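Asks: Letter by letter, the chains look like this.
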Amino acid sequence: MTASLDPTLVARPSLAFTPRTAFTAALLVILALFPLYSLVTGNTFVLTLFTRVLILAIGAVSLNLIMGYGGMVSFGHAAYLGIGGYAVGILAKEGIGSGFVQWPVAVAASALYALVVGALSLRTRGVYFIMITLAFAQMIYYVAIGLDRYGGDDGLTIYKRSDFAGLIDLNNKTLFYYLCFAILLASIYLISRLVNSRFGLAIRGTRSNERRMRAIGFPTVRYKLAAFVIAGALCGLAGALLANHTNFISPALMHWTRSGDLIVMVVLGGLGSLFGPVIGAVTFLLLQEGLSRFTEYPDLILGPILLLVAIYVHGGIGGLLEGRRGG
Amino acid sequence: MLYFIEQCLNGVQLGMLLFLLAAGLTLVFGIMDLVNLAHGSLYMLGAYFAATFAVLTGSFVIALIGALLASLIAGMVLEVIAIRPLYRRDHLDHVLGTFGLILFFNELVRLVWGPEGRTLSLPPEMLTAVQILPGVYYPIYRLVIILATLAVAAGLYVVVMRTRLGMLIRAGASNREMVGALGINIKLLYTLVFGLGAALAAFAGVMQAPILTVQIGMGENILILAFVVIIIGGIGSIRGAFVAALIVGLIDTVGRAFLPDLLRHVLSTNAAQTLGPSLSSMSIYMLMAAILVFRPEGLFPAASR
Amino acid sequence: MCTAASAVCLKGGVVASALLQTERLTRRFGGVVAADRIALDIAPNEVHAVIGPNGAGKTTLIGLLSGEIAPQEGSIRFDGADITRLPVYRRSQLGLARSFQITSLFRDFTALDNVALAVQAHCGHSFRFWRDARYEDELRKPAFAALERVGLKERAAVRVDKLSHGEHRQLEIAMALATGPRLLLLDEPMAGMGPEESARMVRMLRELKGNVTILLIEHDMEAVFALADRLTVLVYGRIIASGEPEAIRADAAVRQAYLGEKESAGEGKRHG
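Chains as they are written, first to last, in this note's numbering: chain C, 13 to 339; chain Z, -8 to 296; chain Y, 5 to 276.
These aren't lab readings, by the way, just hints derived from the structure by calculation. In this text, all values refer to a predicted model and were calculated from it rather than measured experimentally. Where hints are given, some of them may not hold.
As the list claims (entries may be wrong) - Covered stretches of chain C (in silico footprint by chain Y; criterion: 3 or more residues with CB under 8 angstroms from a CB of chain Y, positions within the stretch not fixed):
| id | segment |
| --- | --- |
| 1 | 199 to 209 |
| 2 | 218 to 229 |
| 3 | 232 to 242 |
Said to hold, decoys possible - Covered by chain C, per the in silico footprint, the following chain Z stretches (three or more residues, Cβ under 8 angstroms):
| id | segment |
| --- | --- |
| 4 | 91 to 97 |
| 5 | 139 to 150 |
| 6 | 217 to 228 |
| 7 | 240 to 246 |
| 8 | 283 to 290 |
Think of the CB as a built atom: it goes at the ideal place given N, C-alpha and C, for glycine as much as any other residue.
Starting from the given sequences, assemble the full structure and let the hints guide the process.
Replies: Pasting the structure below:
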């Protein structure tokens, strides 16, 4: 019995001109042209700020893979920013300044930690998973504080940025900005391919109904673990970038509130959307900047905003743009 | 040897504090299915309230009672205003919302009490050491903590297992809709339970204040330890939380005290010095990891869901 | 090649011994014995119905067979192999498919997506990260065929949360079929269906008869007697009778425990 597959059945998503895509496109254009603005006005502060936005956006993109598409709320993702950063910092201090060594180590170390933490944490579900990821992140935070040789609580200064043997000079702020931007776009592209592949469908199905997935024959845990490792590795890369950006790495970067920040970015932008994490990162960091200029006690306003988002908003800012209201 | 006993007692004391926190968290999560990250903030507020009341009245006991009342009220108000709207949302929104509350409370405390932290002083007699065993001296106040928290734990047991309120709490934990259908005012029940949780957290905060700390952000560090306790102890189990809290308290305290020395025997001095502090702080997480490998549902899981 | 691709054209086995066999299968919950030394025997290609009053332990039985619940005693053999300790997904991969009584679907996906996932599960591993799986014929074609089998062809592109209850139940069957099963565990497939939909489901299941072995848990007596080759009656976790439909209908103990009650109530059909 053969069936004729009506081509219209397989709905190809069309790139419609909606408020959401318009907004995203505009945002990307602005981000792309930012360094020009900085060059023209001579204002390097905003360039530094937005470089940080881009790097954290990469972190948010990685978290969105497991949270938005995989349904795993990890409250320990900042650990990978730290691991990636410390890989660069420790190697730099021990005399290995080549980016060709530092960055792969950063990614590999993060992937390894994600593998261990994931294998243990995925033995639980729901709230307990959240608590465990939080606990493991706290653990590595304390480990970093205990590393006296590498600055301990005070942190470690990185005197020289990763050396890429003349390929690119990371000390050039504009070049560095575009490198981060390129990596961000590349990450989003990779994720876009990932989420529609068999692997992506497997973890999205697991998010939708894990019991059903197992009933039809999927060994769900191994796919969740793989996603966890990929997310950790990508965030480790972001950590390496961050260490270069600030020429400094400290345990504070792995404090659990930083993991909270990443979660906020993903939720604000809209879970499970490709560009949501970028929107979320931009919004959150601008909000933080703006509020700290406006008042000496910015969290008095930021806290309640997050609470209100948690209570009322569906689908983050992306959802708001689509006109989604209430649940 | 004496030092070892002293450290063990300190471990028990820490364990009891952790139990109070874990019990409050388990109650709220078991009954309202709510992840409350701001539980640590209630712990912090309790300590700050007590510090202020102590300055105003000069009495530790009055400060304790005042702080408990203030925290109970604050907890109930918080439940009505901020927590109630969260029940219908999913766990991620709970995490996000209560994370926002943590930021808010830390900043609020900074605004009201300033960034430096406070002290809560005790009458000097409380800090003198008594002989509890031949040759073993231990400060009275630390004993008071252990005994007081044991009393509270016993009281909690009585309330949950032997009173009508406790029966409603246990019924609500297994079947929310039924309890509502029976005509019980669920909203009021939830508010009371949340208030109870807040009071437990505040009590822990006040009791530890004279010997440990009253400062911004104090709630979060111990909150994570409380999570570890819940994971080791078992899902939804207060008995498990009690046992796990003692284990965690003992391992963390004794580990920090003895591990660096032990390591020095095994590794070179340099290595021991580098790794010592890190490893000792890691000890409870190692235990948690072991539990996850061999018994992921915890030591005494409440029910097979 | 995916096993799922052959789901549509299943050949009956010629093996004489039982396809599924349980021995002294027991499961207690606290003081309640939900499954009491159950000894089931399902022959290849038969439709074997399990009936019994509410609370008889039918849900527990499905849980034990599918692997979601672990027995405290006893064993389960599937095509000769001991599957008692195997996890849910392994049993599915061996050819044991199950539909859910309370429909358990992927609500934010379309009907076709749902079935395609079932196909994917039996199409090798899913560690493929690049190619867009939504357009893979290897997955889509068998999925579409399964939908056509259950009569949901026109609704393939509709999101599950927009489908009707009856269509959900049809989708449940389609998903089970798409995994290329040798044994179908159907948990009250007719629950909540009106007479027309039930009749359609019975017709469809009859078409499957002979190609796939079916273990059918149902309350709907008309459907049971229309489809079943053999019946097993479960009361309070124990099998009180097992055999051909006419023999069961005449069995005094069964009438007493189950059919008797309903006949006196004047009903021939119950909705679970």
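Asks: Can you name, in rising order, the numbers of the hints this structure does not satisfy?
Replies: The structure breaks hints 5, 7; every other hint is satisfied.
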